[in-house]
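> From first to last, the protein sequence lines are chains A and H. Each residue of the first sequence is one higher than the one before, starting from 78 at the first, in the numbering used here. Each residue of the second sequence is one higher than the one before, starting from 34 at the first, in the numbering used here.
For the record, the hints were derived by calculation from the structure and aren't laboratory data. In this text the structure is predicted, and so the values were computed from the model without any measurement. Relax, there's no trap hidden among the hints.
List of simulated lysine to any residue pairs, SDA-like, C-alpha gap at most 20 Å:
no. : chain 1 : residue 1 : chain 2 : residue 2
1   : A       : K109      : H       : A151
2   : H       : K146      : A       : Q82
3   : H       : K563      : A       : A189
4   : H       : K563      : A       : S187
5   : A       : K109      : H       : T144
6   : A       : K109      : H       : A147
7   : H       : K563      : A       : G149
8   : H       : K566      : A       : A189
9   : A       : K109      : H       : A148
10  : H       : K290      : H       : H343
11  : H       : K566      : A       : T105
12  : H       : K563      : A       : E155
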Amino acid sequence: MNNEQFEPVIIGFTCNWCSYRAADLAGTARVKYPPNVRLIRLMCSGRIDPTFVLQAFAGGADGVLITGCHPGECHYLEQNLKALRRTMLLQRTVAQFGIEPERVRLVWASAAEGVYLANAITEMVEEIRALGPLNWPQVAALNGKSHVLTPAIASVVVSEELVEAAI
Amino acid sequence: MPQERIGVYVCHCGSNIAGTVDVEELTAWAGEALRHRGVVVARDYKFMCSSLGQDLIAKDIKEDALTRVVVAACSPHLHEATFRKACADAGMNPYLCELVSIREQVSWVHTDKAAATAKAKAVISGGVERVIHHAPLEPMSVPINPATLVVGGGIAGIQAAMEIADSGFHVYLVEREPSIGGHMAQFDKTFPTLDCAACILTPKMVSIGSHPHITLLTYSEVEQVDGYVGNFNVTVRKKASYVNSDLCTGCSVCEEKCPKSVIDPVFEAGLGYRKAIYRSFPQAVPKFPVIDADNCIYFDTGKCKACEIHCEAGAIDFEQEDQILELNVGNIILATGYDLFDARRETQYGYGRLANVFTSLEFERLTNAAGPTNGNIVLRDGETTPKSVGIIHCVGSRDRKFNNYCSVICCMQSLKFAHLVKERTGAEVFNFYIDMRTAYKEYDEFYQRVLSEGVHFIRGRVAEVTDVSNTPEEEDKLVIQIEDTRIGRQRRIPVDMVILSAALEPRHDSDEVAHQFGISCSVNGWFIEKHPKLDPVATMTEGIYIAGCAQGPKDIPSTVTQGAAAAARVLGRIQQKEMALEPIRAEVTEALCSGCRICNNLCPYTAIVFDEAKEVSVINAALCQGCGTCVAACPSNAISGTQFSNEQVMAQLHGLLMLNIMEPVVS
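This is chain A alone, in the form it adopts within the complex (with noise of 0.2 Å):
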C-alpha cells in the first residue's frame, strides 16, 4: 500500500424520479462532490435487485449507495419501502460475507434535495475510505475464484436453452 490516499470506488443506484433528479440538481447548482460516486439509473429503487449490489462489490466497488424517493413519496407508490426491505436483508447478508454493512447505504433524496444528495455522497466516499478498500476481486483471486460472481442473467441464458432443450 503506498502513501497516496485510497480512492474508492462507489456504485450509486438512482431513482429516475427523485434522486436521479437530485444528482441533477445538483450539477445546476454547481454543488462540489467528490468523483468516486458512478450512478445508475433505474426507473425506481424498487427495481434494486440484491445481485446488482453483490455483483457491484464482486466487480471491484468497495461501496454501493441505494438511492430512492422519501417514504410516502414514491413515484410507484410504495416500491420504496421494497427497497427498504432489501436493503436491511442485504446488509445482514454481506455482513454475513464478512463485508461491513456501511458499504451498502440507503438514502431518500427527493428531487429537491441536490445538496442533500451530495452531502450524503461525501459522507459516504469519506466513510469508505476510512474502511478501506474492499478489494473482493483480489480476494477471490488469491482464492482462485473469478473475479465475477457467476451472474444472475447468465444463469437465465442457461436455463432458457434448458427450457428449448426440454421443448
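Use these hints to put chain H onto chain A, whose structure you have.
Quick look at chain H alone, frame taken from chain A:
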C-alpha cells in the same frame, strides 16, 4: 452476439463540460479503448444538441452504418428526447441511443480535471456496455375513451366538468353528498370582492344539473377503479335515496312534513338542523331529497311514512336499493376537496367546551342569510349580538403539533369575517395573527380596507381562551391570553365571541382514495402532483389529474383555475384520440415462470394477474408503469424489464467499473 457498430459523441457544451473534462482525450480514449467493444467512431463537438451536432450523428448512422449511439453530454432528462429523435430521423430505432450525463454528474460537480476525465471515461464505458444490450422498442399506443370521470362536486369539480362537457365530451360527475356545491355553497360572501357565494355558484350548479353531456351521480361513491389511461373501468355505488327521481318534483313538502329533526354536521357544520328526509340546502342540485335511513323513524320503528303520505307525486320508495354502476372513461379528475381541522384538538382554545367559541365554517353558516340564524351574527344562545369578537388565525396550521403548512385562505377569510362582524354588528373586532398573508390580486387592498374600518390586529400566537376572569371587566367574557409581540407584552383581551380560523386538512380518507386511484399523497396527506411547478394538475399515474384543495390548500380563484387546467389537460388527451406510452414495461417469459406468484402482490398497479389455466403470471402491459420491482423480485428471472433489463443494468455496472477494459484478475 454479432458485434454492434457503436458511435460515441462527446459534447463540450461550450465550456460547461470542456472546462472540467478533457473532452479531446476522452474522445480519443473512447475510440481506442472501447474499439474492442464495437466503438467504430468517436467524435467531440462544441454543442452536440445543436442541429449541426445532430447532423454529425445522423451522417455517421447513415454512412458508417452505426447500430448504436452513445451521447455523452447533459442529463437524459434534458436532451434524451432530442438525441432519440435525431437517431430516429436518421433511420435508427430511437431506443438504441443512450445519453450519459457527464455534465450534471461530472463536470458541474467535480473540480479536479484528471479525476473528472477519469470518471467521464467510466460513465461512457458504462453507456457503451449498456447500449449493446438495448433492443429496438416501439411506443405502445392506447386509444383514449372520450368520456371523463370527475370525482367531487365542489367548485373545482364543477369547473372541470363544465369545461369538458361544454367542449362536447361526456362527463360523469360523482359526488358523495346529496348535492353538488361543496364548501363554497356553505359560504355567504367570498373574499376579496364580497360577492355572494350562492349568487355566483348556484347558476353553475344548475347548468351542471341540466347539461346534456353531464351525468350527475350525487349521493354516490367510487368503489373500484380498474384499467389504465384511455380505458378506465370505474365502479360507482349510488346510494339508495329512497326517492324516485323520475317522479319527484322537488316541491319539498316531504321535508316540511318529516317529524324528525337532526343536527346537520355537514352542510350546517353542526350549527343547524335538517330533517331525516332532506336536501342539503334549498338550491341543491339535483333538487331531489334523500332519506337518511339512520335517522328515519320508519326505518327505525316501521311506522311514520309521513313523507310518503304527503308526496303527491308518489316519489317515495322505501324499497329502493343501492345501485352499482359501471363506467368506462378515458381520464379521471380528482377534486375531492378538504376537511376542516377539528378545532377540539387545540384544547386551549376551548372549542366544544366554551359555548361561544366558533369554527370558521360555523361562522360562515352564521353569517349566511340562508343559514340557521338567517344571517344574524349572534352568540350560541341564538339571540345575543356580540359586542366584541376575537378572530384567531392559524388554528391547526403553521403549528408543529398539527400541520406545518399554511392553510393559505385563513388570513383572507379572517379579514372577511372581521369586515362582516363590523358591518353587521358594529362590534369591536380583534384579529390575532402570526403573519398577515394577503398575496394575490386585490387581497392586500382588502386588508387595507379592513384596517381602515378600525379592526384591531394583534400579532402573536394566542396562548389560551378562557372563561376564568381576573378582573371585573373580564366577567362573563371569553378572555384571550396572548403575547403581543409588537409591544413585547402579555395581554388579556375580553371578548363575547371567538372565531377559530381552522386549518384545511386533507380529507380523512385521502390515503384510501389515493390508493384506489393509484396516486400518492404527500407526508401531509395532499395528493401529489406530477411536478410541483411545471405540472401541478397531472399525477404520476397517466390519465389521473387533480384539482382544487385535494392537491393542497387554495382559495376559490386558484381552485377554479386548477379545475379548468385539469379539464384542458384532459381535453388535450381526448383530442389526441390515442396516446403513445413509453415502452418501459415488464414482461413475463412464460417458459421460465414457475407460477410462484411472488410478483403478484408486489405490483402497486395490479398489473400482474395469475393465469390459472397456464399457471403463470401475466403482466398487463398497459397497466404496467415500468418500476421494475417485480423484475428484481422474480426468483426465476422470468420477468424482464424493457429498457432496464438485468442484462442492461449489469452491463452498465460492468462498464462503470471498467471491467471491459481491465484485464481480469484471473483469466
